[in-house]
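Here the sequence shown stands for residues 1 to 375, where the numbers follow the numbering used here.
Heads up, a few of these hints could be off.
[To be verified] Below, in silico cross-link-like pairs of lysine to aspartate or glutamate (EDC-like), each with a Cα-Cα straight-line distance of 16 Å or less:
no. : residue 1 : residue 2
1   : 269       : 33
2   : 3         : 56
3   : 269       : 56
4   : 3         : 33
5   : 162       : 44
6   : 3         : 44
[Stated by the list, open to error] Ranges between beta-carbon positions, derived for each pair:
no. : residue 1 : residue 2 : range
7   : 275       : 75        : 47 to 53 Å
8   : 83        : 359       : 41 to 47 Å
9   : 328       : 74        : 36 to 42 Å
Because the hints were derived from the structure by calculation, they are not lab data.
It should be emphasised that the depicted structure is a prediction, and the values quoted were computed from it without experimental measurement.
Idealized CB from N, CA, C, for every residue including glycine.
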Amino acid sequence: MDKVGTVDDIHAAATALTGLTDFGPPDYHEGLEIILAAYQDEADLTPLGVAMARDELRDILVARLFSEAGWQRYPEYAEVPIERPLFIIGMPRTGTTTLHRLLTADPAHQGLELWLGAAPRPRPPRPSWADDPIFQLVQGAIQAFLDRNPGYLGIHNRDAAKVEECWLLTRQSMMSAFFEFTGHVPTYSSWLAGQDWTAAYERHRRNLQLIGLPTPGRTWVLKYSGHMLCLDALLATYPDALIVHTHRRPASTVLGSACSMVSRLAAGKSTSFHGDAIGPALLELADRALTRFAADRARHDQAHFHDVEFDEFTADPHGVVAGIYERLGRPVPEHARAAMAEVLTEDDRLRSHRYDLAEFGVTAEQADARLAGVV
1 MDKVGTVDDI HAAATALTGL TDFGPPDYHE GLEIILAAYQ DEADLTPLGV AMARDELRDI
61 LVARLFSEAG WQRYPEYAEV PIERPLFIIG MPRTGTTTLH RLLTADPAHQ GLELWLGAAP
121 RPRPPRPSWA DDPIFQLVQG AIQAFLDRNP GYLGIHNRDA AKVEECWLLT RQSMMSAFFE
181 FTGHVPTYSS WLAGQDWTAA YERHRRNLQL IGLPTPGRTW VLKYSGHMLC LDALLATYPD
241 ALIVHTHRRP ASTVLGSACS MVSRLAAGKS TSFHGDAIGP ALLELADRAL TRFAADRARH
301 DQAHFHDVEF DEFTADPHGV VAGIYERLGR PVPEHARAAM AEVLTEDDRL RSHRYDLAEF
361 GVTAEQADAR LAGVV
């Protein structure tokens, strides 16, 4: 079997693509070594999977290179305040993407656009993006993925210009549940469970300061289900954060939808992580994340949290958004309502997602029984 490569190979590929050489502190090396070993020894990668893993790890180091270069070029980033950020945290398929895009439709807010998560830099003026070679490169990679997965847009509207999950920043530290979400990497999972996320979130914050350098007054709105596994580090880094916790029941609906999405993300990547292997793996991960988050949340000031039920959100999205603004101490501005309506129209136009949980090796009864107390 082809090898994904060595630590040196991945670094060399990132430098060859960017011409940059400063990767910053070496605290990410251990995680890189462990995920490389897991890909090699546990993930049962196909030739396509090897190529995908190699590109994935190279791209993570490319992002590190851009961050380090940006911090050196714009030292004033360190003075940028991040006040009262909003984090949307919930299991995949609980409405987090639509809610994220609704809230970032307000010009007073900002989110992490996919292309800037892939190559952090001060956010350029929006009209210049289409002509930016880095934007074009990221958009081209996304289009290639969509060409291989023509039904994916019906599950998740991926676009370089749209806001995306901020695992793009924590993965710079080689710490991300996304690795175990999309593959069989038990050694990495065990390692990750024992890590202190403090440094990863500090790097996350510094990246937000860099990207938001031109717009320091905007409120950050971020989302990622993996924050469930590291709430303490998040709140230590962002002590005034408001966390919007999304819920959807029954649990089997959430798990089935997530399995369908992962099956497309991992299509052709592994000889073993597909079909009925996906359901049990995601059920275990969901149980671990939800149980951990519930325990950690109980220890923190509940003023940090705002709960959103999926059924309530789908029935009255504008009302749910107004409730979040109330927690932020301000009304929804009139000029933002039209932009939010456009988000909902686009979301309805693209949504087309059918799945059967039984295809993924878990019954609805099993999922509901295991997750009923925490979802």
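Now for the hints, and whether the structure bears them out:
The suggested pairing of residue 269 with residue 33 is violated, with an alpha-carbon distance near 20 Å, which exceeds 16 Å. A threshold of 16 Å between alpha carbons decides the hint, and for residue 3 with residue 56 the separation of about 14 Å falls inside it, so the pair holds. Note on residue 269 and residue 56: the hinted pairing holds, with a Cα-Cα distance of about 12 Å set against a maximum of 16 Å. Restraint check for residue 3 and residue 33: the C-alpha separation of about 13 Å stays at or below 16 Å, so the hint holds.
Between residue 162 and residue 44 the alpha-carbon distance is near 32 Å, which puts this suggested pair outside the 16 Å criterion. Distance restraint check for residue 3 and residue 44: the Cα-Cα separation of roughly 11 Å lies within the 16 Å cut-off, and the hinted pair is therefore satisfied. Between residue 275 and residue 75 the Cβ separation comes to about 51 Å, which falls inside the hinted range of 47 to 53 Å. For residue 83 and residue 359, the hinted distance range of 41 to 47 Å is satisfied, since their beta carbons lie about 45 Å from each other.
A beta carbon spacing of about 28 Å between residue 328 and residue 74 contradicts the range 36 to 42 Å that was offered as a hint.
Hints 1, 5 and 9 from the earlier list are contradicted by this structure; the remaining hints agree with it.
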